[in-house]
Amino acid sequence: MGHELRIRIKTLVMILAMVVCANAGDLMLKRGMTQIGAVEISASGLQHAFLATVTNGTIWIGIVFLAGFMLSYMTVLSWADYSYVMPAGAFGYALLTLLAVVFLHESVSPRRWTGVVLICVGVLLVGQTRPRTTEPVAREPREVAA
Amino acid sequence: MRVALLLGVLILGSTGGEIAITHGMKATGEPERLRPRELFEFLKRAMRNGWFWAGVPLMALSFYSLLVLLSWRPISFVIPASALSYVVGTLGAKYILREDVSPARWIGVVLVCAGVALVAAG
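Just so you know, the sequences run in chain order A and B.
All letters in the first sequence, in the order written, are residues 1 to 146 by our numbering.
All letters in the second sequence, in the order written, are residues 1 to 122 by our numbering.
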């Protein structure tokens with residue numbers, strides 16, 4: 001397998017992990033906060049909400065997914081361009097719309113469908129450019145300087 | 001006026017934070033393999049990088065501006081407006097991180113930006 005192709009596949013796998021973790025995390029937080037109910041903005045209300053969130057299992061599952069998102073984001077940025085990863089991550093918005101239609105049978109406006117198509121075309125365009133265009137930087141620049 | 005100001009903080013905070021983290025991760029160097037042990041070592045190296053810690057408060061700042069903005073304006077305004085960060089981020093990638101942004105990538109970014117705005121506007 002060619003070097004360039006290997007980087008490409010590795011990058012796409014990590015971006016997919018990013019998108020899945022971010023969406024699953026948001027979904028779990030939303031579900032957890034719905035279980036807790038509307039937060040009252042007062043000293044006792046915030047204290048109650050804090051205790052309710054840190055003892056809620058669904059919220060913790062959400063936090064684990066969001067930590068997974070952060071780790072995959074950091075990992076992919078260690079080799080791929082920011083200007084490659086950032087737009088590709090927007091694929092999550094398109095995915096969320098498709099999931100809402102398939103599983104929740106939500107109706108989607110023509111304007112939103114247009115947006116989904118634009119995102120998909122944009123991500124495909126960015127996706128076929130080279131994932132990395134910069135040279136690796138020295139690992140410990142401070143030691144080199146000293 | 002205050003909405004525009006906070007929107008500026010939101011966009012510059014998130015792109016500035018992500019650019020700092022990208023720079024930090026490039027300096028950290030990629031993990032040799034994508035296995036738990038190597039990923040843990042990678043994370044430890046990343047935590048020792050100053051650029052990573054410069055990025056975190058910027059991203060926190062942008063997150064709080066997002067929360068405040070959402071209390072002033074509906075989400076169908078806030079997310080489309082913040083989609084501008086795709087363009088700002090690409091400018092930062094080109095001029096600060098010195099990435100080679102080809103015409104195809106620019107067109108893709110602009111389409112994604114418009115698409116996110118349309119999806120969020122409903």
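One thing to keep in mind: the hints can contain errors.
With a Cα cut of at most 30 Å, we get these calculated DSBU-like pairs of lysine-lysine [said to hold, decoys possible]:
hint, chain 1, residue 1, chain 2, residue 2
1, B, K44, A, K10
2, B, K94, B, K44
3, A, K30, B, K94
Non-contacting residues of chain B with respect to chain A, defined by C-beta distances greater than 10 Å in every case (computed) [to be verified]:
hint, residue
4, V3
5, G29
6, R37
7, K44
8, P57
9, L58
10, L70
11, I75
12, C113
A partial selection of chain A residues facing chain B, derived with a Cβ cut-off under 8 Å [what the hints assert, rightly or not]:
hint, residue
13, E40
14, S42
15, S44
16, M74
17, L77
18, L95
19, T97
20, A100
21, R112
22, V123
23, Q128
Simulated from the structure, these hints should not be mistaken for lab results.
We treat Cβ as the ideally placed atom computed from N, Cα and C, and that holds for glycine.
Outcome of the hint check:
no., hint, result
1, B:K44 <-> A:K10, "21 Å, holds"
2, B:K94 <-> B:K44, "28 Å, holds"
3, A:K30 <-> B:K94, "36 Å, violated"
4, V3, "21 Å, holds"
5, G29, "5 Å, violated"
6, R37, "14 Å, holds"
7, K44, "12 Å, holds"
8, P57, "15 Å, holds"
9, L58, "14 Å, holds"
10, L70, "14 Å, holds"
11, I75, "13 Å, holds"
12, C113, "8 Å, violated"
13, E40, "15 Å, violated"
14, S42, "16 Å, violated"
15, S44, "20 Å, violated"
16, M74, "5 Å, holds"
17, L77, "4 Å, holds"
18, L95, "11 Å, violated"
19, T97, "6 Å, holds"
20, A100, "11 Å, violated"
21, R112, "5 Å, holds"
22, V123, "6 Å, holds"
23, Q128, "7 Å, holds"
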